[in-house]
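Build the complex: two chains, separate frames, hints provided.
In the order they appear, the protein sequences are chains A and B. According to our numbering, the first sequence is numbered sequentially starting from 1. According to our numbering, the second sequence is numbered sequentially starting from 145.
Wrong hints could be hidden among the right ones.
[What the hints assert, rightly or not] Dumping the calculated DMTMM-like pairs for lysine to aspartate or glutamate here, alpha-carbon to alpha-carbon at most 25 Å:
id	chain 1	residue 1	chain 2	residue 2
1	A	LYS128	B	ASP724
2	A	LYS3	B	GLU234
3	B	LYS244	A	GLU89
4	B	LYS490	A	GLU45
5	A	LYS128	B	ASP562
6	A	LYS93	A	ASP73
7	A	LYS53	B	ASP562
8	A	LYS10	A	GLU46
9	A	LYS53	B	ASP563
10	B	LYS281	B	GLU234
11	B	LYS205	A	ASP108
12	B	LYS1233	B	GLU1154
13	A	LYS27	A	ASP108
14	B	LYS680	B	ASP724
15	A	LYS44	B	ASP724
16	B	LYS480	A	GLU75
17	A	LYS44	B	GLU521
18	B	LYS1212	B	GLU1198
19	B	LYS281	A	ASP108
To be clear, the hints were calculated from the coordinates, so they are not data collected in a lab. Model, not experiment: these values are computed from the prediction.
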Amino acid sequence: MIKFLLMVNKQGQTRLSKYYEHVDIGKRAALEADVVKCCLFRKKEECSFVEYKDYKLVYRQYAALFIVVGITDDENELSIYELVHNFVEMLDKYFSHVSELDIMFNLDKVHIILDEIILNGCVVETNKNRILAPLLALDKMAES
Amino acid sequence: MSDVVEKTLTALPSLLSLDSQAGAGKLSSTSKLGQLIRNITELTSKHEEEKLIKKELSAIKDQVSSPHTTMKQMRELMVRAMYCEMLGYEANFAYIHAIKLAQQGTVLEKRAGYLAVSLFLNENHELLLLLVNTVLKDLQSTNLIEVCMALTVVSQIFPKDMIPAVLPLVEEKLSHPKEIIRRKAVLALYKFYLIAPNQVQHIHGKFRKALCDKDPGVMTSSLHIYLQMIQESPASYKDLAGSFVTILRQVVGGKLPLDFNYHSVPAPWLQMRLLRILSLLGREDQSTSEMMYDVLDESLRRAEMNHNITYAILYECVKAIYTIHPKAELLEKAAKCIGNFVLSPKINLKYLGLKALTYVVQHDASLALQHQMTILECLDHSDLLIKRETLELLFRITNAQNVTVIVEKILGFLRLCDDDYTIIDLVGKVAELAEKYAPDNQWFIQTMTVVFGLGGDLMPPDIPSNFLRLLAEGSQNEADDRQLKVYAVDSYLTLLNGDCSNLPQRFLQVISWVLGEYSCLSEGLDQEEVIGPLRKLLDQRGVSAETRSWVLSALTKLCRGPGQADVALALAESLSSSLDTVLRQQAHELRHLVQDRSLHARVLPQPAPSHSLEVDSSLSFLDGFVSDALAAGAAPYKPPHQRQEELLQQKALTSEPYALSLPVGLSPCSPADRQSPTLLSTSSGLSVGSTEPSHRAGTDTLVLDGVKRVWGKEGYLPQRDPSQTPATVEEPSNAVQSSHQQGANDASQPKPEPEPEPPQLNMEKQQLASSLFVGLGSQNSACLLGKTEAAAPRFRRKPRPNDASSSSSSSSSGASERSSNSSHSTADSFLYGGLLEEEPATPIQSSHHAPQPTTASASREAKQPYLTANGVARAEKRASQVLGGDMVKVRPSALAEGAMVPPQNCSKHLPPTSCASEVLQLPSELQDLPHSEIISLTSDPHLRVSCCRVFRDDALLLVLFLSNATETELRNVALELSCEELQTASLRGNVMECVAGRTSSVCRYTLLMESPHTHVPFSGTVSYQTQLGPTQTLPFSGKLSTADFIRPLVLNTEDYGKLWLSCSHDVKQNLRLVTDVGEPLTATLNVLKDRLQLHIVDIIGSEGIVACRLLHGAPCLMHCRVHGASLAVWLRSSLSSFPDCLLYHCQRALQEH
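Next comes chain B alone, as it looks inside the complex (with noise of 0.2 Å):
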């Protein structure tokens, strides 16, 4: 058929050029379109172009207001526009008729008046808004055309804050007896449950009305539903699994109507979407894995046509059975699937192969060394997506052994390549696979040189400091520490001596940091050497002011000498008249320090200070200064919340007036403030672009671990099995340390080849081979799940420095440790202020602040691990406890479970969850406190993470028990803990010297919300070392929910009164009433108190009035009321978001009880 289309298409041109009728048919070219589509066709330039739209906008323009405009005209009108805007020019002017031809038209004109509403109009036009009625309208209509195509309009388009108008009415269409109303029904609900969920929380169970459907249309369209939910949480849908399983031997036995085919094969992309659906149910989990190994099979099995449409079913079954609990009979026929696609002649079965094959070789990587000769020929391909899904196959597997080859293919690569996005990520990835498995010194430096040269000022900021604190942190190695330092001093220095005309800035800065803090570890260096070259760039054109700034801090600490004195004034004397603040305050620093010697000293102290500096974050040194200032009269300090709240208060009493008359519908809060939660968390995952809510840019912290979370060491390979990595500690470590020479040794070896080479395969193929996939065939056969490498990282990177505890100034520590310390502290000053662009922080502003270690005394009492030991008795009686305290002590277990979904990769080798509640408990100050169950988070052989929720009033604690499972010690345990949503402060306790055999140890975190999230995930990582093996790492993840932060709001009913007119954004929904024990109203309010720990205020005959609190911040009010069989409520708060969160977290509630 395709052929026809062909044809008929390249007579196209001569069809054109006749101004035949053919295509025109039912159109007379002399009408206006007609006129407008031949023009088009003969623009011949840009310009042209301008001038005709132009034209024709002002053309529309004057008809379309015209009273005797027939709604015939309207509709060419409308095309017309469309034609015009898809041209790129605005026609605004005309979404407002395209709205009235949708209300006033018939049948084709209003099809098309509501075509151009959804062309013209975003989700958040306020004109939408008059669409409403005109939808109502159509779907009471009885014509079902009319019915259907508001629908149609309703799942394209809709405003969120009118779906309770609409919504009745939709949930009707899912009984209507036809089925394509019942099909447009279910995708109404699919877009109204992408954008606001909580609002279709109740139809949960219309949906699965909706999957059982006896129309396959109608069942098809749920699932869009169902993978969107079970992407969300697989684990609630875990009972569908055998009706899924159904459904897909259904479809790939034949059984639907035969118009589902597309080219004999059965409705395919249902096939699709179902088997993703089962990828997401059966990851790891065995028992409903097996029970779609048969499907999978025969899936496979029907799959022999040789169509592209079978191929990308082929696909997704080979993910899908790579993806579950691993069958080894299926795996074998899915890894020859693959081999069939890679070895394809065809190059978009080839592309695909590759790509599955690098989703594979996560599982499992030998799989790579079976197609070693192809992948080497795709390397060389001519195809640039085939080389980059290449490179991006060869950076799964990279290891300690192959690291230099492939990071050379992929800089190789970068060389050539101008796509700023293809840069920003191989950048990235070279540097983490530099800092994770560098053979040496030597090649870390020349590498990253390359990096910062390729990479240029693209780069994200976070590869820099990364880098600058790997050098100031070192490993554990002195010596190694200090080559690496002075190796990378002496080949900047070579390249300072070179023309560095064109390096770009990022580079400038990492070069004059690194010289200004190690230059004197080089010996045999004289400092005039490393002054000399910076001084040139000082004066360097194209030297942007920022670069200017970092080399004149490390000039500051390179004048210390004598010598140096009159170098230092003449530069200062130069720079105090720059035009550059920045510069000229450390010119003047710079003055100061030269004169004062000693100060000098003291402040840059160099090299090797004597004593560490420590970071005072409570900033106690500054006590007497605001005692003196309460004592003269001066407000005191607030917390940012409750300034924020305060502040939205003192906002909402201004509106006072006006809140009480403005229509419910049209709550004051604009669509785009209104956003669910949990649109916003599932939409900013869809793509780079999407913007983070700029609220959180406040602090640095935070936005230095949003950065670091993309990029870090664990971002890019998450479904990594975190119980895999130290299941292969074994691995000698000298084998990092192997230099050039030894991997070339390495190369020569015997490799595990599982099939024999092609004799005529050239000797230099054969040895890029060896040297790419070596190591990959090691460690073979044994586990199927996960086979990634052991290296242990070559740099361990230590815990942030920018609290307290973490400095971990321990008495024992030695000398090596300390210096590192007071180097990173100052590396990070310089990293917070140079890199987030805020003013340049300089080494001396942030060393005037440094403290006299006063806090010494509290981190030391943190680090007092909180032994356990004999814990059940104590156990049963925080049971007890339980059961007669009146104040809920342990929340439901239900509401735990939800909230707390262990990750995904919690391994078999986990203990069961209660065995690790038994001997784990709380320290003694805070069981009286409310707390959930501890729950065990993730474990390896050596370690086990698990949490514990603790309710205090003011912030919830986030306690972490860190078990030694073993016999011996581990040492040298970290913990770090990062969230996006959440202000994480007071770290305690986060760094052991060691946690002895069989014990545990307990950190905590206090976290504080200030907007609330229906879910909001953590993750973190804990390092530690064994006692011969090198450091390990082990992930851990978690889910915390908004009822976690949710705390009683005791007051009165006048207060209530108040403050309820002071909330201005509110939400109205109604609930399911509790009506099995005595007076619904009461029963319902007691769930929802005890689940979520709501403070009831009042209830009067049929109403009640609840109020609670985000912590000490936003409050929230809900007025509920009976009506009928349910319970209507309407909640209030100060926070735009948070109705909408409690409000889901109340239907869990009831749904729950």
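Same shape as in the complex, but just chain A (with noise of 0.2 Å):
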């Protein structure tokens, strides 16, 4: 199961995050800090995968921009570190050349294109068309 995802920068700013098991408010800029902690400081020749608590995060990084994701030792790491990948392919497609600051100005978006990505900690879509097409239909609307 996943129960976090987090985008975070170099300089460990969190960018998105979304929890799919409730977290403590208080609670989460620790749990952020951490992370980062865990994450930022690898070499490229370690795994993508780090041990952190009771589970394991799995790491990706596209440029100066890190996604992580907390996941249950039950769970298939390669799996999840492509799933991020595909997740970074589709906000490519949307914002045609996705960048942070996309990301930032946009971040309802970014939430609602994972939000048919991720659901309860499950990954339940992976059609990138699907994906894009409710928010697709959104955009349409909202332009007219």
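Structure follows, in structure tokens:
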């Protein structure tokens, strides 16, 4: 099961966070700081998975932005690693050449995309067209 | 494509500094949100951030409540509030506005409102109730986008109590023409299933329809529900195996539309989910497994492309192949696949390979041999995760021969580790290995010393308590035990004489107990030499009050000679003014004991007491006191459950005036305590952090049981096939006893290594390899399924001494056993007292209660095995009774099957169940009680364990039959049963001297249920000795259902009415009507009566009232009314989860009818 998904930049600032199991807002900052500490200072030749408390972190770096996913032990790490890439490809398709600023200025839309992919900690859709369809429809209606 | 992304992102800092509009094109940077984002990116310190967000929050607060704010502005405000929350600053004033935005906004604003709700609120937030109306409205909207949004939010977060309100609308959407609506409806139902499985019980048929949907997306989402349901009960969905195989074949064969591909692999995540489902279905099931061999082979073949995602699929494939019934050809391919993973230069693949290997070695340890050199490399890898996974792998292949090397490796890792979770985990593993495979006493004590040192006070309390119990109980060999104790005393004394300021408290407690108990065994050791360091410890700074009390207890035991009287008195004097009340009390006790030598000898017998201590669990020595008190007018004792019930009734009574006026939907209990029992049991397995229901923390035994199950011998490797363990009995026991030297000899002997080592590898590595992997290849070839190492645990643990019958006081046992018995009961009083952080119990207190062995006769009677011969005739007689009687004597088998799923590990050697019930027979006094059929739980070549549930009025009696399947007798048979959710009381006859060949003996457990859970798993072990072999253990497990605990509640309509008003927890639901025979209402109620032992109070017209209770505890009342083609039921109880539970069983009963 997926416990949370974070986007953090190299300075350790959170750009997006989504929790699939309730975490107190007061505890989130500490957890995020811990997670950043675990992932940011890993070397290239080390594995993209880290053990953190009783679960695993899967992280992937895109330029200055890290995407970190916290999962339970029964999840397949490599499939989550690829899921992150699928997510980024989707953002890239929607924003055409996504950048950190796109994510910051469109926090709600990124969340809407993410909601289509992961629900209750499960991967529910990976088909790019279908994931973007609801958001595109919203955009179209908002324009008209 | 990712290159492009990276390029763009690299250019980001320059973009920011130029304040370019590239990314922010659609949003003017002069807007408030733009301003906020710019400020956030310019932050340099935490302090600045706090200032900025505080300001922002107050700005949002002002604007959000202004009546002039447009919906568009509101959306922006919500996004700004999301930012604040994301940075960790609560914006709770915005929550209500988020709900309002979802209600009043259009399109994008509405979606933003829903999004904000799902981000801000948690499942139990009370504001969520306000969302229900909006959701209802949107579900009925003609705008598909709005329907979509509503379904999305329902499947993310929805109040459980409100499910009935939206359920019909969601169900209706299952046949919507648009695939996206159908898909989202299925996902919403999945959410409902997760939080309240009972509520969607009736739409299982529709799940099947979704599985067969023509759109692959809808089918995919239905798999989430199936994966969940199959995890819970694989047996119920075997019929779907064929469909899953067909779907996987089509997916693998590329029959899906192209946009489902990811990097030209067809729907990889779907494939993985299907593989998981298949492995669950094929586990321990040959015929189902055979259906999937082809498609697994094809999956392996197709996934040959060099891309991460194909490797992820391969990993699932390999796991599936090793989980299902084995096929040699596939296993070979899977093994090769693992080889590729492990040898890959890509570190991520290497990790996955190790993980797969760790899973696989449980089934086939020889695979570890093939990759031994790679494993060694990984052991020294710079990446901690790789190292950690390798240690996990080594842990799984540990046996008596390689234990020293592996434990050394793990301890080496532990010394460098600073993560609490890892330390706790690994320390537990080392302790387990040491206990199981220790080659000699010296090694064992040394290893445990390191464990205590490294584990420190993080260590779970059961490690020291198990260790002490082990010392106290010992093995069969008296001389060996003595040596162990003496060695422990000597080494701890050395430790204490050195610098002991850094020793953890737990370890100091262990040390002081061992010294207090066993220093007298060490010849030539002057008591003064022990008392000195202990006294020093008492004065040492940094020693906790709890530890001091342990030390003082030890000193109390030691100060027995006339020479030590002065020391003791001085000690008592100095401590009698201590601030700590416990210490003060102990000091007083010490003073009394020193002055009365004979009392001292009686309460603290040492060494080897002449009579065994018996614990009189019935407290019969208090009988006189009780009858006096009763005569003097005291109230009679009521058992806890009865008291609780009365308390609840009282509580309910006070709220009576309000009970009627409350709207039904908003029943007075909070969402938290209405948690469905099924949900509770699944979620508790998910994370370590999950809390156990607090009401269980009450009794000692339950807590200890819970702890033990996590860390215990069997706790870690549940997948091991129990039938395999005894298959390797023949291993000579001297292998276990082998010392260091012998281990070294072993290492130099030729090993069955499958591949020649490359010559350039240095000798050192080869030696390490041979010492690590020794003993793995020896019993190769024959069985593919399991190769659990045979070595019997070095230290056999005796059954728990917390009840009378198990303290095995049989007349024939020798002095050694008796002495060990008495000492372990002392040990126990220590452990129960000290480690559970209650008031530390001293041995004095416990032995004050030490009763005369009054229960001896009772326990002897209990030990009489109920021999059963010529059972066939009587079984027939019983059958006729069943037919004749008006009360159901034997519950329907369908229910029994459902409730008593035999453990998955039931192996193929198992004789058919029918044969088991022919020979076995209940003790005569139980035969007249209603009972279930006798079901076989597990078996090995020597012993078969079966069980029968006897439905006594006040409890469920679990009768366990231990049948000796061999001609020779089994000795020292001991049974241990644990069940976390239930109270197990009055164990009878769970230790038997011997079970003669071809006979059975009976153990009984009385089980009480205080709060209902739909299914209650129980597990246990039987340990026994064959004539030649070492002690063996046979684990078993099974499931009970609440239905087993339901008893009819007989009362009249008037009492029913009163009781109805006093019950505060209610649930409403529609049930299916039984229409095939006679009048529907009567027929339905009769089905329920027969299956669930309900009492039908009255039937008037189209309404009926029914009552039952949980044993003697809480009642549950059911009011039924025929409503069209269904039966509207309304359940009420004083227990919050009882109605849910009963409803679940009613639905099942009707479904099975």
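Here is how each hint holds up against the structure:
no.: 1; hint: A/LYS128 / B/ASP724; in the structure: 68 Å, violated
no.: 2; hint: A/LYS3 / B/GLU234; in the structure: 21 Å, holds
no.: 3; hint: B/LYS244 / A/GLU89; in the structure: 34 Å, violated
no.: 4; hint: B/LYS490 / A/GLU45; in the structure: 9 Å, holds
no.: 5; hint: A/LYS128 / B/ASP562; in the structure: 42 Å, violated
no.: 6; hint: A/LYS93 / A/ASP73; in the structure: 31 Å, violated
no.: 7; hint: A/LYS53 / B/ASP562; in the structure: 12 Å, holds
no.: 8; hint: A/LYS10 / A/GLU46; in the structure: 18 Å, holds
no.: 9; hint: A/LYS53 / B/ASP563; in the structure: 8 Å, holds
no.: 10; hint: B/LYS281 / B/GLU234; in the structure: 30 Å, violated
no.: 11; hint: B/LYS205 / A/ASP108; in the structure: 20 Å, holds
no.: 12; hint: B/LYS1233 / B/GLU1154; in the structure: 22 Å, holds
no.: 13; hint: A/LYS27 / A/ASP108; in the structure: 23 Å, holds
no.: 14; hint: B/LYS680 / B/ASP724; in the structure: 18 Å, holds
no.: 15; hint: A/LYS44 / B/ASP724; in the structure: 56 Å, violated
no.: 16; hint: B/LYS480 / A/GLU75; in the structure: 23 Å, holds
no.: 17; hint: A/LYS44 / B/GLU521; in the structure: 19 Å, holds
no.: 18; hint: B/LYS1212 / B/GLU1198; in the structure: 22 Å, holds
no.: 19; hint: B/LYS281 / A/ASP108; in the structure: 23 Å, holds
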